[in-house]
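**Q** Given next are the chains, with one letter for each unit.
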Amino acid sequence: MTTMREIEAWSVTQIAERVASGDVSAEQVTDVFLGAAARRETALRAFLYLDRDRVIDQARAIDLARRAGRPCGPLCGVPVAVKDALCTRDIPTSCASRILHRAGRAWLPPYDATAVERLRGAGAVVFGKTNLDEFAMGSSTENSAFHPTHNPWALDRVPGGSSGGSAVAVAARMVPGALGSDTGGSIRQPAALTHTVGIKPTYGRVSRFGLVAFASSLDQVGPFANDVRGAARILEVIAGRDPRDATTADTPVGPIEGACGQDVRGMRVGIPDEYFGEGIDGDVARRVREAIDALRDAGCIIVPVSLPHTRFAIATYYVIATAEASSNLARFDGVRFGFRSTPERGDLTAMYGSTRAKGFGVEVRRRIMLGTYVLSAGYYEAYYLKAQRVRTLIRRDFEQAFRNVDVIVTPTSPTPAWKLGEKLDDPLAMYLADVFTLPASLAGVPAISLPAGFTSATAQRPMLPVGLQIIAPPFAESNLCRVAAAWEARNPARNALPPIVAEP
Amino acid sequence: MTSQAITRDQVLHVARLARLSLDDPDIDRMTQELGAILRYVEVLAEVDTSSVEPTAQVGVSRLPLREDVRVDGLPRDVVLGEAASTSHDGFAVPAFIDE
Numbered sequence: 001m002t003t004m005r006e007i008e009a010w011s012v013t014q015i016a017e018r019v020a021s022g023d024v025s026a027e028q029v030t031d032v033f034l035g036a037a038a039r040r041e042t043a044l045r046a047f048l049y050l051d052r053d054r055v056i057d058q059a060r061a062i063d064l065a066r067r068a069g070r071p072c073g074p075l076c077g078v079p080v081a082v083k084d085a086l087c088t089r090d091i092p093t094s095c096a097s098r099i100l101h102r103a104g105r106a107w108l109p110p111y112d113a114t115a116v117e118r119l120r121g122a123g124a125v126v127f128g129k130t131n132l133d134e135f136a137m138g139s140s141t142e143n144s145a146f147h148p149t150h151n152p153w154a155l156d157r158v159p160g161g162s163s164g165g166s167a168v169a170v171a172a173r174m175v176p177g178a179l180g181s182d183t184g185g186s187i188r189q190p191a192a193l194t195h196t197v198g199i200k201p202t203y204g205r206v207s208r209f210g211l212v213a214f215a216s217s218l219d220q221v222g223p224f225a226n227d228v229r230g231a232a233r234i235l236e237v238i239a240g241r242d243p244r245d246a247t248t249a250d251t252p253v254g255p256i257e258g259a260c261g262q263d264v265r266g267m268r269v270g271i272p273d274e275y276f277g278e279g280i281d282g283d284v285a286r287r288v289r290e291a292i293d294a295l296r297d298a299g300c301i302i303v304p305v306s307l308p309h310t311r312f313a314i315a316t317y318y319v320i321a322t323a324e325a326s327s328n329l330a331r332f333d334g335v336r337f338g339f340r341s342t343p344e345r346g347d348l349t350a351m352y353g354s355t356r357a358k359g360f361g362v363e364v365r366r367r368i369m370l371g372t373y374v375l376s377a378g379y380y381e382a383y384y385l386k387a388q389r390v391r392t393l394i395r396r397d398f399e400q401a402f403r404n405v406d407v408i409v410t411p412t413s414p415t416p417a418w419k420l421g422e423k424l425d426d427p428l429a430m431y432l433a434d435v436f437t438l439p440a441s442l443a444g445v446p447a448i449s450l451p452a453g454f455t456s457a458t459a460q461r462p463m464l465p466v467g468l469q470i471i472a473p474p475f476a477e478s479n480l481c482r483v484a485a486a487w488e489a490r491n492p493a494r495n496a497l498p499p500i501v502a503e504p
Numbered sequence: 505m506t507s508q509a510i511t512r513d514q515v516l517h518v519a520r521l522a523r524l525s526l527d528d529p530d531i532d533r534m535t536q537e538l539g540a541i542l543r544y545v546e547v548l549a550e551v552d553t554s555s556v557e558p559t560a561q562v563g564v565s566r567l568p569l570r571e572d573v574r575v576d577g578l579p580r581d582v583v584l585g586e587a588a589s590t591s592h593d594g595f596a597v598p599a600f601i602d603e
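Quick mapping for you: the protein sequence lines, in order, are chains L and Z. Just so you know, we're using the numbering used here here: the first sequence kicks off at 1 and counts up by one. Just so you know, we're using the numbering used here here: the second sequence kicks off at 505 and counts up by one.
It is worth saying that the hints were derived from the structure and are not from the lab. These figures come from a predicted structure and were not determined experimentally. Be aware that a few hints might be false.
Stated by the list, open to error - Not close to chain Z: a few residues of chain L, all C-beta gaps over 12 Å, as computed:
| hint | residue |
| --- | --- |
| 1 | Ala103 |
| 2 | Ile301 |
| 3 | Ser376 |
| 4 | Gly378 |
| 5 | Thr455 |
| 6 | Ala496 |
Stated by the list, open to error - Here are the computed distance ranges between Cβ atoms for each label pair:
| hint | chain 1 | residue 1 | chain 2 | residue 2 | range |
| --- | --- | --- | --- | --- | --- |
| 7 | Z | Asp576 | L | His147 | 36 to 42 Å |
| 8 | Z | Glu546 | L | His147 | 35 to 41 Å |
| 9 | L | Leu155 | Z | Arg570 | 29 to 35 Å |
| 10 | L | Arg52 | Z | His517 | 48 to 54 Å |
| 11 | L | Asp281 | Z | Pro558 | 50 to 56 Å |
For every residue, glycine included, the Cβ atom is placed at its ideal position computed from N, Cα and C.
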C-alpha cells in the first residue's frame, strides 16, 4: 500500500510510470495532491483557480482510457499546474490582472495555449492556474492584483516571481510539476528561491501561442518540477515547432531527458567572474562554489570565462522589455474582452484611458509608460536602439564563451528570498534582483535553475534555498540537463522539504 | 543628463500616447519613478556601440513561410462572447465621431 506521503514525494517521471503501469490510478494520485493543496493553500496562496471536480474528471478520463487499453502519454496521470498567463480553454485566465476580469469572473479563453494542449495530449492532468505578478511583470509575485503568494520555506518571505505560484505549488508538493513563463528570469528566480527546478528553454524552443504576450523577443514557456528529469520530460512534451508561433524553430527536440544521468567527465564548465562580485550574499556564493567543486569531482573541467557586458544587462532589459510590453499591452482596451470602464459622456478615447488606468496595476502602468517613452519620437535612438545594440554585445559575450565551454555555471539570484513588502516601494531595487537571469534571456540561450542547498540560519533569517543556474548554447538543453542531473545526484540537500510539508 | 531625467509635461504626453488616464498624484509619482529608472539606464551611454548592429530578435533570421491555405477562425458567437458590449454582430463602443 502506497502512502499519501510517498505519492507526494514522487517525481513527474515516477508518477507517469506508475500510472501507466496500473500501480496506482490517476485518480488516486490527483486525490493525494488535491488533499495537499487543501491543507497548504490557505497559508501559501499559490493558486488563482483550482477546481477539484475538474481535476478529478480529467483523472478519471485518463484512467478509463488506460483501462480500455489506449496508450497513455509520457505524462500519464501527472498533475501539472499552469501559470495563469497561459490560456486554458473555458478555464478562467486572468494573468493576475483586473483588466481580464469582468462581471465578477476572469476571462474564459476560447482555446488552449499550445503548451497546455501538448500537456493534455501527453496524459497530464491540468491542475489549476497559479498566481503571478500581473502580466508577469515582477520578481516577487506581489504585483498580483489579487493576493501575494508565500514562500513555503518562510511564510513571511516572497517566493520570487513572476511565476511564484507555479514554483510554490511544486515546492510545497501540491503538484510534482508546473508550467511557467520566463521573460527575464520569471521561471529561474522563483525556482531558486523555493528549492525547485525550473528551465527557461532556448528562444524558439517552445511555442508561445496562447501565452499572454509580455516581451515577444524574450518570452519563453518552460517547466518547473521537483527534479531535473521531471522538468526535462515536461520540456520534451511542450517543445517543438508550432505553425501558430512563427518564431518556433524546426530544430529537432531531444533527447533532453535522456541526457539526465549521462557521464559528465570531460565536460567544460565555464565560471564567469562577473557573477561573483559585489552584492552577492556570502552564503549564496559559498553554496554555488560547493556545487562547482562537486562538478569538478565528477570529472568536469572548470574553466574561467568572461561575460564583460553583464553589468549592462539590467538597463538593456528594462528598455527592451518595457518597449515590447507597451506595444503588446495595447490590445487591452476594453473592447473585445475583459474589463471596461466608460466615463460618463466619455468618447472612445476616454473609455480606453479609463479602462487601462483602472484595469492595470501600478507596476504594469509604470512599465507601459517607460516603454512608450523609450519608443517615442526623439528618444527611440537614445534608448531603444541603443539597448538593442548593447544586446548584441551581451549576445556576443555568450557566443565567445561557448566557443570554449559546454555550459556556464552561476548563482541564479544574488540573494535568497527577501521579506514580503521589502522592495515593493522601490521598483529599481526589485529590477536589480534579476541581475543574473537577464543576460541569458537577452542572448536567447537556455538556462536551468536547480537547488544548491541553503543559507545558514541566523538571528535575522531562517535557512533559505539557494539556486544554481546553468546556461548552455542555443538548443543545447541536453547539456543543461546532463550537468544539472550530475549536481543534483551529488547535492546532499536535494530531498529537503519545507516546514509546511515536513511537519504534518 | 540632468537630475531631471523626465519632466512632468513629458510624462503627461507619454500617458496620452499610452492611452492611460492618470490622475495628478499618479503623474507626480510616475515622474519621480521614471526619472530614477531613466537615470539608471544612462549607464548604457558608457558602452561604445558605434559599430554594433542592433539585435531585435535572437535566432529568427527570416520569417518562415507557410502554405497559402484557408484556416477557419473562431465562430462569431465565441469571439463576441467575452466582450463587455456587443451590437449588430459586432463589438459596441462609445461614439467617437461627431454627428
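**Q** Hints first: check each against the structure and report whether it holds.
**A** Evaluation of the provided hints:
no. : hint                               : result
1   : Ala103                             : violated, 9 Å
2   : Ile301                             : holds, 28 Å
3   : Ser376                             : violated, 6 Å
4   : Gly378                             : violated, 10 Å
5   : Thr455                             : holds, 28 Å
6   : Ala496                             : holds, 36 Å
7   : Asp576/Z with His147/L: 36 to 42 Å : holds, 39 Å
8   : Glu546/Z with His147/L: 35 to 41 Å : holds, 36 Å
9   : Leu155/L with Arg570/Z: 29 to 35 Å : violated, 50 Å
10  : Arg52/L with His517/Z: 48 to 54 Å  : holds, 50 Å
11  : Asp281/L with Pro558/Z: 50 to 56 Å : violated, 35 Å
When each numbered hint is compared with the structure, violations occur for hints 1, 3, 4, 9, 11.
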